[in-house]
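*Asks:* Residues per chain, in single letters:
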Amino acid sequence: MLRLNKLTKQYKTGDLALKDVDLEIPNGQVLALIGPSGAGKSTLIRCVNRLVEPTSGTAHLGEVELTSLSQGQLRKVRRRIGMIFQEYALVERLTVMENVLSGRLGYVSFWRSYFRKFPQSDIDEAFRLLERVGLDHMADKRADELSGGQRQRVGICRALIQNPELLLVDEPTASLDPKTSRQIMRLIRELCQERNLSAIINIHDVLLAQMFAERIVGLQLGEIVYDGPPDGMTPDVLTQIYGEEDWEATIEKVEDEDDEDGAVASVAAD
Amino acid sequence: MSISRIWKRPPFIKSPMLRWGIAVGGAIYLALALGTMEINWGRVADGLPRAERFVSAFFPPDFVSKSGDILDGIYESLWMTVVSTVIGIGLSIPVGLGAARNLAPRPVYLFSRGILALSRTFPEIIIALFAVKIFSFGPFAGIIALSVGTVGFYGKLLAEDIEDMDVVQAEAVKSTGASWFQWLNYAIQPQVMPRMIGLAMYRFDINFRESAVVGIVGAGGIGATLLTSFDRYEYDTSAAILLIIIAIVMAVEYSSGYVRKWVQ
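Same order as they appear, the protein sequences are chains U and E. Residue 264 is where the first sequence starts when you use my numbering, and the numbers rise one by one after that. Residue -19 is where the second sequence starts when you use my numbering, and the numbers rise one by one after that.
Quick caveat, the hints were computed from the structure, so don't treat them as lab data. Among the hints, a few may not be true.
[Unchecked claim] Taking lysine to any residue pairs in the SDA-like style, the calculated list, with each CA pair at most 25 Å apart, reads: (1) U/K404 to E/P85; (2) U/K275 to E/Y89; (3) U/K339 to E/P174; (4) U/K339 to E/L164; (5) U/K275 to E/M145; (6) U/K404 to U/G369; (7) E/K241 to U/S333; (8) U/K404 to E/Q171; (9) U/K275 to E/V88; (10) U/K380 to E/V243; (11) E/K241 to U/S410; (12) U/K380 to E/S159; (13) U/K404 to E/I177; (14) U/K339 to E/K241; (15) E/K241 to U/K275; (16) U/K339 to E/M173; (17) U/K339 to E/V239; (18) U/K380 to E/S36; (19) E/K241 to U/E355; (20) U/K380 to E/M173; (21) U/K275 to U/L332; (22) U/K404 to E/V239; (23) U/K275 to E/A84; (24) U/K275 to E/Q171; (25) E/K241 to U/V488; (26) U/K339 to E/Q169; (27) U/K339 to E/N82; (28) U/K404 to E/V88; (29) U/K275 to E/V243; (30) U/K269 to U/Q503.
[Said to hold, decoys possible] Here are some, though not all, of the chain E residues that point toward chain U, as calculated from beta-carbon distances under 7 Å: (31) S(-16); (32) A11; (33) A13; (34) L14; (35) T16; (36) F110; (37) Q149; (38) E151; (39) S155; (40) G157.
Glycine is no exception: its CB is placed at the ideal position from the N, C-alpha and C atoms.
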């Protein structure tokens, strides 16, 4: 369980990105964080694993208080938090396999990682995950040879091989086409269900958020202005989050689950 | 009908006073500089036939009669180049890491930048002069000079390459719980490696050419051989040495092109 208590971040420039954010995410919950650009979505998830240092407030992952950890302790806790990025953030000149295995860096010694001598169990798990997302035949390809959707799947494997309790997902579909976006979101949700993972997914696309998350939190100027189920997203709520606009078209019924088999097959094909 | 609006590309320097001031000032300075340049056409005319004799003395280049000296010089130069490139790059890696603003804490950064600035201030030949005074004549002084030069060159470019890296890739590796050295090895090294290999080849090439220069102040290498041949008016041997230097530099140039393409 992740619990944020009065989390605040003020950047050196004076911008107040987060204002006293309170948020509790039970195990296994997939939460979509929506809000306009600059609302503080990225800052919020980066404050959890302290890629950004919060100014004040606390964050608990289970029993561990995250904001007061030393660098060494922080590294240990970061292993329990997987992160997935907007532009995939794969190390482009490393192979797919190296990228996936880099998720185990927190568990192996420097020299083992330097000589790429990971434990066999890690390598087995890496192949299992790559197989799960249909990319095991690409293991020795360099990451920059992959398409966007493939790269994001490798990014997901890298996060999952950490064996995390929590996934932080930053705009996973922002650079993907609509179909791949859905496949990626569906994959993330399925994997969360399989492993009882909780996830915070920053996302611009309100429709996708409604389709794939069980809870939606709306952030505006660093404050939570909506916290509820996907079907509570009325035009009024959207206006509150994003400002005045004609929202009727955005929140039409979106139940068009294409059959799962077809989706998985196309995942493996592209 | 709408009224046509006039559009012009905004000038690079906004103030017209400053713009024209710089243009006119520059033109006046250039005119004065050209006007005060003294060219003694008599001496130029005298020099031309001398130049002709000088150049013709280069032909045909004589590779044979001093081949022992030439070979020794070339070997020594190559050896100096290899050793100083390896030492210099070895030393510039920690300095370069320290001089990258996004990696090092402030005091380390300033200290490393200080080292780089210092080693870049003096050209190799001046460091060689010092080294010859301290360690006396010979290739060791040359190796010191070239290594110092390599640190200034390679360390600065390494630091700048690290500062230009993609931050998100580095963030991603850091967020897995990697240690600092693992982070360096997985996130930074792959990003800077191809360019740094190319620059290592380039520096090898520079060090070889510089090894010919530092030889002139007594720091060993082919430069010493070259200077001796000039002193003895053996211009045909000098020509042979110059041709060999050109050939080696070109060989390094071509192979570095291949290597760069291959590591990309």
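*Asks:* Give a verdict on every hint.
*Replies:* Here is how each hint holds up against the structure:
1. A hinted pair counts as satisfied when its Cα atoms are at most 25 Å apart, and U/K404 with E/P85 does not qualify at roughly 36 Å.
2. Between U/K275 and E/Y89 the CA atoms are separated by roughly 21 Å; this keeps the pair inside 25 Å, and the hint holds.
3. Distance hint between U/K339 and E/P174 is unfulfilled; the C-alpha atoms sit about 32 Å from each other, more than 25 Å.
4. Of the supplied pair hints, the one linking U/K339 and E/L164 holds, its CA atoms being roughly 18 Å apart against a limit of 25 Å.
5. Distance check on the hinted pair: U/K275 and E/M145 sit about 22 Å apart at the alpha-carbon level, within 25 Å; holds.
6. Using a Cα cut-off of 25 Å, the hinted pair U/K404 and U/G369 holds, with the two alpha carbons roughly 24 Å apart.
7. Simply put, E/K241 and U/S333 have alpha-carbon atoms about 43 Å apart, too far for the 25 Å limit, and the pair is violated.
8. Taking the CA atoms of U/K404 and E/Q171, the gap is near 17 Å; set against the 25 Å cutoff, the hint holds.
9. The suggested pairing of U/K275 with E/V88 holds, with an alpha-carbon distance near 22 Å, which does not exceed 25 Å.
10. Pair hint U/K380 plus E/V243 holds up; C-alpha atoms about 23 Å apart against a cutoff of 25 Å.
11. Between E/K241 and U/S410, the direct Cα distance comes to roughly 23 Å. Compliance with the 25 Å bound is thereby established for this hinted pair.
12. Of the pairs offered as hints, the one joining U/K380 and E/S159 holds, with about 16 Å between alpha carbons and a cut-off of 25 Å not exceeded.
13. For the hint pairing U/K404 with E/I177, the CA-to-CA distance comes to about 22 Å; that is within 25 Å, so the pair holds.
14. Restraint check for U/K339 and E/K241: the C-alpha separation of about 40 Å exceeds 25 Å, so the hint is violated.
15. Between E/K241 and U/K275, the direct Cα distance comes to roughly 42 Å. Violation of the 25 Å bound is thereby established for this hinted pair.
16. Taken as a hint, the U/K339 and E/M173 pair is broken in the structure, with Cα atoms around 29 Å apart against an allowance of 25 Å.
17. Only pairs whose Cα atoms come within 25 Å are accepted, and U/K339 paired with E/V239 is rejected, the gap being roughly 40 Å.
18. For the hint pairing U/K380 with E/S36, the CA-to-CA distance comes to about 64 Å; that exceeds 25 Å, so the pair is violated.
19. Of the supplied pair hints, the one linking E/K241 and U/E355 holds, its CA atoms being roughly 17 Å apart against a limit of 25 Å.
20. For the given pair, U/K380 sits about 21 Å from E/M173 by alpha-carbon distance, which is consistent with the 25 Å threshold.
21. The hinted pair formed by U/K275 and U/L332 meets the criterion: a straight-line CA distance of about 22 Å does not exceed 25 Å.
22. Between U/K404 and E/V239 the alpha-carbon distance is near 21 Å, which keeps this suggested pair within the 25 Å criterion.
23. Taking the CA atoms of U/K275 and E/A84, the gap is about 19 Å. The hint holds against a cut of 25 Å.
24. For the hint linking U/K275 to E/Q171, the alpha-carbon distance of about 28 Å lies beyond 25 Å, and the restraint is violated.
25. The hinted pair formed by E/K241 and U/V488 fails the criterion: a straight-line CA distance of about 53 Å is larger than 25 Å.
26. For a cut-off of 25 Å, the pair hint linking U/K339 to E/Q169 stands: about 23 Å separates their Cα positions.
27. At roughly 23 Å between alpha-carbon atoms, U/K339 and E/N82 fall within 25 Å of each other, so this suggested pair holds.
28. At roughly 38 Å between alpha-carbon atoms, U/K404 and E/V88 are farther apart than 25 Å, so this suggested pair is violated.
29. This hinted pair does not check out: U/K275 and E/V243 have alpha carbons roughly 40 Å apart, beyond 25 Å.
30. Distance check on the hinted pair: U/K269 and U/Q503 sit about 21 Å apart at the alpha-carbon level, within 25 Å; holds.
31. This hint is violated: E/S(-16) has a C-beta 36 Å from the nearest C-beta of chain U, more than the 7 Å allowed.
32. The beta carbon of E/A11 is not positioned within 7 Å of any beta carbon in chain U (closest approach about 49 Å), and the interface hint is therefore violated.
33. With a least beta-carbon distance of about 47 Å to chain U, the hint placing E/A13 at the interface is violated under the 7 Å criterion.
34. The beta carbon of E/L14 comes no nearer than 51 Å to any beta carbon in chain U, farther than 7 Å, and the hint placing it at the interface is violated.
35. For E/T16, the shortest C-beta to C-beta distance to chain U is roughly 52 Å, which exceeds 7 Å, and the interface hint is violated.
36. Interface hint status for E/F110: violated, as the beta-carbon distance to the closest one in chain U is roughly 38 Å, over 7 Å.
37. For E/Q149, the suggested interface contact is upheld, since its CB lies about 5 Å from the closest CB of chain U, less than 7 Å.
38. A distance limit of 7 Å between C-beta atoms decides the matter here; for E/E151 the minimum to chain U is near 6 Å, and the interface restraint holds.
39. Hint status for E/S155 relative to chain U: holds, with the closest Cβ pair at about 4 Å, below 7 Å.
40. Interface hint at E/G157: satisfied, since its Cβ lies 3 Å from the closest Cβ of chain U, which is below the 7 Å cut-off.
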